[in-house]
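Asks: The chain contents come next:
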Amino acid sequence: MAGMSGVAGNVAMAGCIGGIIKSWTANFTRATTDITGFTNATRNRAIGISDVTGSLTGSIDDSALLMPLIGIASTSATSPVSLTLTAQGGNTIAFLALIDSVTLGVAVDGEATFSCNYAIASTATAYTSAVTTTVWA
Amino acid sequence: MSQVILTTIYNKLLSVQTLGSLYLSVGGRIYQLEGPQGSTMPLLVYAISNEDTTTFMTSAAQSMHTLDCAFTFYFKPDSSVVTAMASEALLFSLLHKASMTPSDVSYSTIESICTSRGVPTINVDSIVIDTTYRIFATKQS
Numbered sequence: 001m002a003g004m005s006g007v008a009g010n011v012a013m014a015g016c017i018g019g020i021i022k023s024w025t026a027n028f029t030r031a032t033t034d035i036t037g038f039t040n041a042t043r044n045r046a047i048g049i050s051d052v053t054g055s056l057t058g059s060i061d062d063s064a065l066l067m068p069l070i071g072i073a074s075t076s077a078t079s080p081v082s083l084t085l086t087a088q089g090g091n092t093i094a095f096l097a098l099i100d101s102v103t104l105g106v107a108v109d110g111e112a113t114f115s116c117n118y119a120i121a122s123t124a125t126a127y128t129s130a131v132t133t134t135v136w137a
Numbered sequence: 001m002s003q004v005i006l007t008t009i010y011n012k013l014l015s016v017q018t019l020g021s022l023y024l025s026v027g028g029r030i031y032q033l034e035g036p037q038g039s040t041m042p043l044l045v046y047a048i049s050n051e052d053t054t055t056f057m058t059s060a061a062q063s064m065h066t067l068d069c070a071f072t073f074y075f076k077p078d079s080s081v082v083t084a085m086a087s088e089a090l091l092f093s094l095l096h097k098a099s100m101t102p103s104d105v106s107y108s109t110i111e112s113i114c115t116s117r118g119v120p121t122i123n124v125d126s127i128v129i130d131t132t133y134r135i136f137a138t139k140q141s
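Just so you know, the protein sequences line up as chains A and B, in that order. Residue 1 is where the first sequence starts when you use my numbering, and the numbers rise one by one after that. Residue 1 is where the second sequence starts when you use my numbering, and the numbers rise one by one after that.
Mixed in with the good hints, there may be bad ones.
Cut-off 20 Å, straight-line C-alpha distance, at most; resulting in silico cross-link-like pairs (SDA-like, lysine to any residue) [claimed, not checked]:
{"hint": "1", "chain 1": "A", "residue 1": "Lys-22", "chain 2": "B", "residue 2": "Phe-136"}
{"hint": "2", "chain 1": "B", "residue 1": "Lys-139", "chain 2": "B", "residue 2": "Leu-90"}
{"hint": "3", "chain 1": "B", "residue 1": "Lys-97", "chain 2": "B", "residue 2": "Asp-68"}
{"hint": "4", "chain 1": "B", "residue 1": "Lys-76", "chain 2": "B", "residue 2": "Val-45"}
{"hint": "5", "chain 1": "A", "residue 1": "Lys-22", "chain 2": "B", "residue 2": "Thr-58"}
{"hint": "6", "chain 1": "A", "residue 1": "Lys-22", "chain 2": "B", "residue 2": "Thr-66"}
{"hint": "7", "chain 1": "B", "residue 1": "Lys-139", "chain 2": "A", "residue 2": "Arg-30"}
{"hint": "8", "chain 1": "A", "residue 1": "Lys-22", "chain 2": "B", "residue 2": "Thr-53"}
Derived, one-sided and incomplete: chain B residues facing chain A with beta-carbon distance under 10 Å [unchecked claim]:
{"hint": "9", "residue": "Thr-54"}
{"hint": "10", "residue": "Thr-55"}
{"hint": "11", "residue": "Phe-56"}
{"hint": "12", "residue": "Thr-58"}
{"hint": "13", "residue": "Ser-59"}
{"hint": "14", "residue": "Ala-60"}
{"hint": "15", "residue": "Met-64"}
{"hint": "16", "residue": "Thr-66"}
{"hint": "17", "residue": "Ile-113"}
{"hint": "18", "residue": "Arg-134"}
{"hint": "19", "residue": "Phe-136"}
{"hint": "20", "residue": "Thr-138"}
Sample of chain A residues with no beta-carbon within 10 Å of chain B, all distances over it, derived [claimed, not checked]:
{"hint": "21", "residue": "Ala-26"}
{"hint": "22", "residue": "Gly-37"}
{"hint": "23", "residue": "Asn-40"}
{"hint": "24", "residue": "Arg-43"}
{"hint": "25", "residue": "Asn-44"}
{"hint": "26", "residue": "Ile-47"}
{"hint": "27", "residue": "Gly-48"}
{"hint": "28", "residue": "Ile-49"}
{"hint": "29", "residue": "Ser-55"}
{"hint": "30", "residue": "Gly-58"}
{"hint": "31", "residue": "Ser-79"}
{"hint": "32", "residue": "Ser-82"}
{"hint": "33", "residue": "Leu-96"}
{"hint": "34", "residue": "Ala-119"}
{"hint": "35", "residue": "Ala-121"}
{"hint": "36", "residue": "Thr-132"}
Hints are computed from structural coordinates only; laboratory data are not their basis. Ideal Cβ placement from N, Cα and C applies to all residues, glycine included.
Given the sequences, and given the hints that come with them, work out the whole structure.
Replies: Laid out in structure tokens, this is it:
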């Protein structure tokens, strides 16, 4: 057991961006509904289904690899991609996701950057099928 | 900060040595950090004043380096200010929006832009012009 930095992190996205990633985030959320009864002593809640959203940031390089990423954000691309987020070798999270926004930034006095947001898009009937992890399972 | 980048800048400064060049306008006296003791003016001294390294995650084969490079011209106080400014203009034409050939193949690109051209000032016994350039370099691992 050991702490980790992001040095050995990575993002793999089928047919899309390569290895110019600076950071990624994954936000796991579940909505809750208040189902407190009249006789309950405390609040009672029911848990909703899981959601995963997050973001990627990196630099634009001059390869063609980035362009499909832009395509995914367009209306012509509607299928989710297989997204694998790596914290370090062996510690990964994988699921199908849709890229719902991409921001490109180019400044004359700095590097050319991009960021994009994604959200899980899965038809799996079990969470463990929708989101697969290694080590952290 | 990379020796390759410093060498590349130096090579660029010396790349043109014909009549009317920056090199000849300072009598070939171009130095890093500081000029030698007793050096005569005019001269040009440059130094890296800031360096940022951008690292990417593990599968990336490159890193990006952004440097600020400060150039200082020294001219004799009895020189014409116009002469000093002409020398600075030669540096501007050489480095502003310039793409340089890296001195080592481990770097794929080195580019520069001017971020401050400065103005002539009197500093004790010399006319001084400080000017700053931002250097962008991509290193392949």
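Asks: State for each hint whether it applies.
Replies: Checked hints:
1. A/Lys-22 to B/Phe-136: Distance ~18 Å between A/Lys-22 and B/Phe-136 Cα, so the pair holds.
2. B/Lys-139 to B/Leu-90: The given pair, whose Cα atoms are some 28 Å apart, is violated under the 20 Å limit.
3. B/Lys-97 to B/Asp-68: holds (14 Å)
4. B/Lys-76 to B/Val-45: holds (15 Å)
5. A/Lys-22 to B/Thr-58: Cα-Cα ~10 Å, so holds.
6. A/Lys-22 to B/Thr-66: holds (16 Å)
7. B/Lys-139 to A/Arg-30: Violated - the C-alpha atoms of A/Arg-30 and B/Lys-139 are around 43 Å apart, more than 20 Å.
8. A/Lys-22 to B/Thr-53: Cα-Cα ~12 Å, so holds.
9. Thr-54: Status holds, d = 6 Å.
10. Thr-55: holds (8 Å)
11. Phe-56: holds (5 Å)
12. Thr-58: holds (5 Å)
13. Ser-59: holds (3 Å)
14. Ala-60: holds (4 Å)
15. Met-64: holds (6 Å)
16. Thr-66: This hint holds: B/Thr-66 lies near chain A, its Cβ roughly 7 Å from the closest one there, short of 10 Å.
17. Ile-113: holds (6 Å)
18. Arg-134: This hint holds: B/Arg-134 lies near chain A, its Cβ roughly 6 Å from the closest one there, short of 10 Å.
19. Phe-136: Check passed: Cβ of B/Phe-136 comes within 7 Å of chain A, closer than 10 Å.
20. Thr-138: holds (8 Å)
21. Ala-26: Consistent with the label, A/Ala-26 stays out of reach of chain B, its closest Cβ about 14 Å off (over 10 Å).
22. Gly-37: holds (49 Å)
23. Asn-40: holds (48 Å)
24. Arg-43: holds (42 Å)
25. Asn-44: holds (43 Å)
26. Ile-47: With a cut-off of 10 Å, A/Ile-47 remains clear of chain B, as the shortest Cβ separation is near 33 Å.
27. Gly-48: Holds, because the least Cβ-Cβ distance between A/Gly-48 and chain B comes to about 32 Å, which exceeds 10 Å.
28. Ile-49: holds (30 Å)
29. Ser-55: holds (14 Å)
30. Gly-58: violated (7 Å)
31. Ser-79: holds (24 Å)
32. Ser-82: The claim holds: A/Ser-82 sits with its nearest Cβ about 16 Å from chain B, beyond 10 Å.
33. Leu-96: Non-interface label stands for A/Leu-96: nearest chain B Cβ at 21 Å, farther than 10 Å.
34. Ala-119: holds (21 Å)
35. Ala-121: holds (24 Å)
36. Thr-132: A/Thr-132 clear of chain B: closest Cβ-Cβ about 20 Å, beyond 10 Å.
In terms of the numbered hints stated before, the structure departs from hints 2, 7, 30, listed from lowest to highest.
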